[in-house]
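Please model the entire structure based on the sequences and the hints provided.
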Amino acid sequence: MTEAVGREILVEGVDPRELYGAQNVYLDQIRELHPQLKIVARGSSLKVLGPRAETERFEKHLDGLVAYYLKYGHISSEVVSQAFSGVALQEAPTDKDVIVYGNNGNIIRARTVNQQRLVSLYDKCDLLFAVGPAGSGKTYTAIALAVRALKERQVRRIILTRPAVEAGEKLGFLPGDMKEKLDPYLQPLYDALNDMIPAAKLTRYIEEGTVQIAPLAYMRGRTLDNAFVILDEAQNTTLSQIKMFLTRMGRNAKFIVTGDVTQIDLPRKSDSGLVHTMEILRRVEDIGIVEFDKRDIVRHPLVKYIVEAFDRDAAASAPARGASASHENEQNVSHKNQ
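Note that numbering that gives the first Met the number 0 numbers the sequence shown so that position 292 is 291, with each residue one more than the last.
Treat the hints with care, as some may be off.
Cross-link-like lysine to aspartate or glutamate pairs, in silico, EDC-like; alpha carbons within 16 Å at most [claimed, not checked]:
| no. | residue 1 | residue 2 |
| --- | --- | --- |
| 1 | K123 | E7 |
| 2 | K70 | D27 |
| 3 | K200 | D190 |
| 4 | K200 | D14 |
| 5 | K200 | E11 |
| 6 | K46 | E58 |
| 7 | K150 | E11 |
| 8 | K37 | D14 |
| 9 | K293 | E307 |
| 10 | K70 | E7 |
| 11 | K59 | E7 |
| 12 | K123 | D285 |
| 13 | K59 | D122 |
| 14 | K70 | E17 |
| 15 | K70 | E151 |
| 16 | K242 | D194 |
| 17 | K70 | D194 |
| 18 | K303 | D292 |
| 19 | K200 | E17 |
| 20 | K37 | D27 |
| 21 | K46 | D27 |
| 22 | K46 | E77 |
| 23 | K46 | E7 |
| 24 | K293 | D310 |
| 25 | K37 | E7 |
FYI, nobody ran anything at the bench for these hints, they're computed from the structure.
What follows is the structure, encoded as structure tokens:
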């Protein structure tokens, strides 16, 4: 007589709703593929009762399914059938430009030369600067690298920060609790994360502190160990602020600083510390700098032409502004001499 054994399996790192499928469609399929087992699911816990050899085979198949999900971010009926029939799961086609697999199997890849350069430098540098025009994918690529590092357990948490410059980082006068005050300034970061992490899992990560999104002022005094940290919109930081941020780097930390020096929102553009910081650190070993340009723009094709048009206007206006300033100075000198 075959000995029946009971085994409780705790599934970690996977939202049970993703694993079991809508209305438990994948769980029911798994039960059909293992008719000798009684399988009871309670959240992330699976209780399995049946012949020892069959329960061991079930656990091995389940491990394979979970590993597939963690790598590719989705499960299908075909994948479940392969996993629990003992058929080797087919890997997705290899692509050196794939950064991470997002929701529903969406592939997040480095699509331009400078995005690829940022990905390449990630393995060599613990601190990276990615600067360039809007729509060039610098922040999106950085967040994809962060999500991959978290999935592969290279880091324990992701920290995303921005200077809340529109509110002067003095948020008390705005209505609502702190999250409601900050969300409008941090929404672009949420949008990128929502492309790469299932909504329920992202909510849990935020509640647990695995993913943290906060204004730059909240970084002061912290030591950021075992973390992937991204400072976005860094053109709106002063030299002292960006120095404060960079010196938060702790053990086993990766930092990426992104910004666009043509979109400075500080009262005086000369107060921006991003360009000065890059010049100071350009020759420091283990620090990489990637300068994106119009060729990297991956939004609507019109965005590229809009950026070019504004650049031409800025170049044409510069001599006129210089002449106007010179004339104003001459008038001031003349007035003082009278």
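Hints versus structure:
Our distance criterion of 16 Å between C-alpha atoms is broken by K123 and E7, whose separation comes to about 42 Å. With a C-alpha separation of about 23 Å, the suggested pair K70 and D27 falls outside the 16 Å cut-off, and the hint is violated. This hinted pair checks out: K200 and D190 have alpha carbons roughly 14 Å apart, not beyond 16 Å. Distance restraint check for K200 and D14: the Cα-Cα separation of roughly 6 Å lies within the 16 Å cut-off, and the hinted pair is therefore satisfied.
About 12 Å separates the Cα atoms of K200 and E11, which keeps this hinted pair within 16 Å; it holds. Pair hint K46 plus E58 holds up; C-alpha atoms about 11 Å apart against a cutoff of 16 Å. Note on K150 and E11: the hinted pairing holds, with a Cα-Cα distance of about 12 Å set against a maximum of 16 Å. Under the criterion of a C-alpha separation no larger than 16 Å, the hint pairing K37 with D14 is inconsistent with the structure, at around 22 Å.
Annotation: proposed proximity of K293 to E307 holds, straight-line Cα distance about 8 Å (limit 16 Å). Proximity of K70 to E7 is assessed by CA-CA distance (about 24 Å); at most 16 Å being required, the pair is judged violated. A C-alpha spacing of about 13 Å is found between K59 and E7, which places the hinted pair at or below 16 Å, so the restraint holds. For a cut-off of 16 Å, the pair hint linking K123 to D285 stands: about 7 Å separates their Cα positions.
A threshold of 16 Å between alpha carbons decides the hint, and for K59 with D122 the separation of about 32 Å lies outside it, so the pair is violated. At most 16 Å may separate the alpha-carbon atoms for a hinted pair to count; K70 and E17 meet this at roughly 14 Å. Taking the CA atoms of K70 and E151, the gap is near 9 Å; set against the 16 Å cutoff, the hint holds. Between K242 and D194 the CA atoms are separated by roughly 31 Å; this puts the pair beyond 16 Å, and the hint is violated.
Between the alpha carbons of K70 and D194 the distance comes to roughly 15 Å, so the proposed pair stays at or under 16 Å and holds. Our distance criterion of 16 Å between C-alpha atoms is met by K303 and D292, whose separation comes to about 10 Å. Only pairs whose Cα atoms come within 16 Å are accepted, and K200 paired with E17 is accepted, the gap being roughly 10 Å. Distance hint between K37 and D27 is fulfilled; the C-alpha atoms sit about 11 Å from each other, no more than 16 Å.
A hinted pair counts as satisfied when its Cα atoms are at most 16 Å apart, and K46 with D27 qualifies at roughly 14 Å. Among the hinted pairs, K46 with E77 is inconsistent with the structure: their alpha-carbon atoms are about 24 Å apart, more than 16 Å. The suggested pairing of K46 with E7 holds, with an alpha-carbon distance near 4 Å, which does not exceed 16 Å. A hinted pair counts as satisfied when its Cα atoms are at most 16 Å apart, and K293 with D310 qualifies at roughly 10 Å.
This hinted pair checks out: K37 and E7 have alpha carbons roughly 12 Å apart, not beyond 16 Å.
Against the hints set out earlier in the document, violations occur for numbers 1, 2, 8, 10, 13, 16 and 22.
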